[in-house]
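J.: Sequence:
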Amino acid sequence: MIETCQKLAKTKTGVLLVLERTNKLDFIANSGDTMNALVNQPILESIFYKNSPLHDGATIIRDNHIIATRVILPVSDSTDIPARFGLRHRAGIGVTEKTDAVCILVSEETGEISYIKDGSFVLFKDNAELIEKLNKDLSE
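Take the sequence shown: its position 8, counted from the start at 1, is 7 in numbering that gives the first Met the number 0, and no numbers get skipped.
Check the hints yourself; a few may be wrong.
[What the hints assert, rightly or not] No more than 25 Å apart at the CA atoms, straight line, and that leaves these computed lysine-lysine pairs for DSS-like:
1. Lys6 to Lys49
2. Lys116 to Lys135
3. Lys132 to Lys6
4. Lys9 to Lys23
5. Lys49 to Lys9
6. Lys6 to Lys124
7. Lys97 to Lys23
8. Lys23 to Lys49
9. Lys97 to Lys132
10. Lys11 to Lys49
11. Lys23 to Lys116
12. Lys124 to Lys11
13. Lys97 to Lys135
14. Lys116 to Lys11
15. Lys23 to Lys6
16. Lys9 to Lys132
17. Lys132 to Lys11
18. Lys23 to Lys124
19. Lys9 to Lys116
20. Lys9 to Lys97
21. Lys23 to Lys132
22. Lys6 to Lys97
[As the list claims (entries may be wrong)] With beta-carbon atoms standing in for the labels, derived distance ranges:
23. Ser138 to Asp55: 25 to 33 Å
24. Leu137 to Asn29: 16 to 24 Å
25. Tyr48 to Ser77: 25 to 33 Å
26. Thr109 to Gln40: 31 to 39 Å
27. Asn50 to Asp99: 19 to 27 Å
28. Ser51 to Thr109: 18 to 26 Å
29. Lys97 to Asn50: 24 to 32 Å
30. Pro52 to Thr78: 29 to 37 Å
31. Ser138 to Ala82: 32 to 40 Å
32. His64 to Lys97: 16 to 24 Å
33. Ala127 to Pro41: 20 to 28 Å
34. Asp79 to Asp99: 18 to 26 Å
Hints listed in this document are in silico derivations from the structure and should not be mistaken for laboratory results.
In this text, a Cβ means the ideal position worked out from N, Cα and C, and glycines have one as well.
Produce the complete structure using the sequences and hints provided.
T.: What follows is the structure, encoded as structure tokens:
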């Protein structure tokens with residue numbers, strides 16, 4: 000999953016992945032298209048390909064399976080989010096404020112990969128550290 004985000008970041012392809020933890024996300028997933036696919040690079044790339052009909056919105060992942068695409072997320076109302084962050088970032092923050100999910104996103108503008116947990120950006124120095132933090136958070 001992180002390798003796919005790295006690859007898509009190089010082309011500034013927007014990505015919004017929501018990884019379910021203990022709070023079930025069915026109430027959000029129902030706003031999108033139901034899927035049942037094992038997470039893998041070709042499927043993620045095809046979902047987030049710029050001309051794909053599945054590109055808009057978030058993709059929800061539960062237990063290493065994609066359960067929904069084109070999902071509409073709750074957007075954060077926080078006024079503390081810097082103006083340089085767009086709707087994708089506000090949605091990632093919003094869903095992690097309202098649930099215990101974590102979010103990985105790639106900015107279309109900068110190609111930067113962000114990791115969001117509990118409504119805040121989690122800093123990481125490299126992809127190895129991101130993978131370590133993600134594995135830790137998903138095992139809690």
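J.: Now tell me if each hint is right for this structure.
T.: To see whether the hints hold, each was checked on the structure:
A C-alpha spacing of about 14 Å is found between Lys6 and Lys49, which places the hinted pair at or below 25 Å, so the restraint holds. A threshold of 25 Å between alpha carbons decides the hint, and for Lys116 with Lys135 the separation of about 12 Å falls inside it, so the pair holds. Of the pairs offered as hints, the one joining Lys132 and Lys6 holds, with about 20 Å between alpha carbons and a cut-off of 25 Å not exceeded. The suggested pairing of Lys9 with Lys23 is violated, with an alpha-carbon distance near 32 Å, which exceeds 25 Å.
Distance restraint check for Lys49 and Lys9: the Cα-Cα separation of roughly 13 Å lies within the 25 Å cut-off, and the hinted pair is therefore satisfied. Proposed proximity of Lys6 and Lys124 is supported: the alpha carbons are some 18 Å apart, at most 25 Å. Pair hint Lys97 plus Lys23 holds up; C-alpha atoms about 12 Å apart against a cutoff of 25 Å. For the proposed pair Lys23 and Lys49, the alpha carbon gap of about 28 Å is over 25 Å, so the pair is violated.
Distance restraint check for Lys97 and Lys132: the Cα-Cα separation of roughly 20 Å lies within the 25 Å cut-off, and the hinted pair is therefore satisfied. Restraint check for Lys11 and Lys49: the C-alpha separation of about 10 Å stays at or below 25 Å, so the hint holds. Taking the CA atoms of Lys23 and Lys116, the gap is near 16 Å; set against the 25 Å cutoff, the hint holds. The suggested pairing of Lys124 with Lys11 holds, with an alpha-carbon distance near 20 Å, which does not exceed 25 Å.
The straight-line distance between the Cα atoms of Lys97 and Lys135 is roughly 20 Å, inside the 25 Å bound, and the hint therefore holds. The straight-line distance between the Cα atoms of Lys116 and Lys11 is roughly 22 Å, inside the 25 Å bound, and the hint therefore holds. Distance restraint check for Lys23 and Lys6: the Cα-Cα separation of roughly 29 Å exceeds the 25 Å cut-off, and the hinted pair is therefore not satisfied. As the CA atoms of Lys9 and Lys132 are separated by approximately 22 Å, the hinted pair is consistent with the 25 Å bound.
The suggested pairing of Lys132 with Lys11 holds, with an alpha-carbon distance near 23 Å, which does not exceed 25 Å. Taking the CA atoms of Lys23 and Lys124, the gap is about 30 Å. The hint is violated against a cut of 25 Å. Simply put, Lys9 and Lys116 have alpha-carbon atoms about 24 Å apart, close enough for the 25 Å limit, and the pair holds. Between Lys9 and Lys97 the CA atoms are separated by roughly 30 Å; this puts the pair beyond 25 Å, and the hint is violated.
A C-alpha spacing of about 21 Å is found between Lys23 and Lys132, which places the hinted pair at or below 25 Å, so the restraint holds. At roughly 29 Å between alpha-carbon atoms, Lys6 and Lys97 are farther apart than 25 Å, so this suggested pair is violated. With their beta carbons about 31 Å apart, Ser138 and Asp55 fall inside the hinted range of 25 to 33 Å. Range check, Leu137 to Asn29: about 23 Å between beta-carbon atoms, so the 16 to 24 Å window is met.
Look at Tyr48 against Ser77: about 31 Å separates their beta carbons, and that is inside 25 to 33 Å. One distance hint, 31 to 39 Å for the beta-carbon pair Thr109 and Gln40, is violated here, with the actual separation near 22 Å. For Asn50 and Asp99, the Cβ-Cβ distance of about 34 Å falls outside the hinted range of 19 to 27 Å, so the restraint is violated. Our hint of 18 to 26 Å for Ser51 and Thr109 holds, since their Cβ atoms are close to 21 Å apart.
The supplied range of 24 to 32 Å is met by Lys97 and Asn50, whose beta-carbon atoms lie about 31 Å from each other. Look at Pro52 against Thr78: about 34 Å separates their beta carbons, and that is inside 29 to 37 Å. Taken as a hint, the range 32 to 40 Å holds for the pair Ser138 and Ala82, whose Cβ atoms sit roughly 35 Å apart. With their beta carbons about 22 Å apart, His64 and Lys97 fall inside the hinted range of 16 to 24 Å.
Remark: the range hint 20 to 28 Å for Ala127 to Pro41 is upheld by a beta-carbon distance near 23 Å. Hint check: Asp79 to Asp99, Cβ distance near 21 Å, so the stated range 18 to 26 Å holds.
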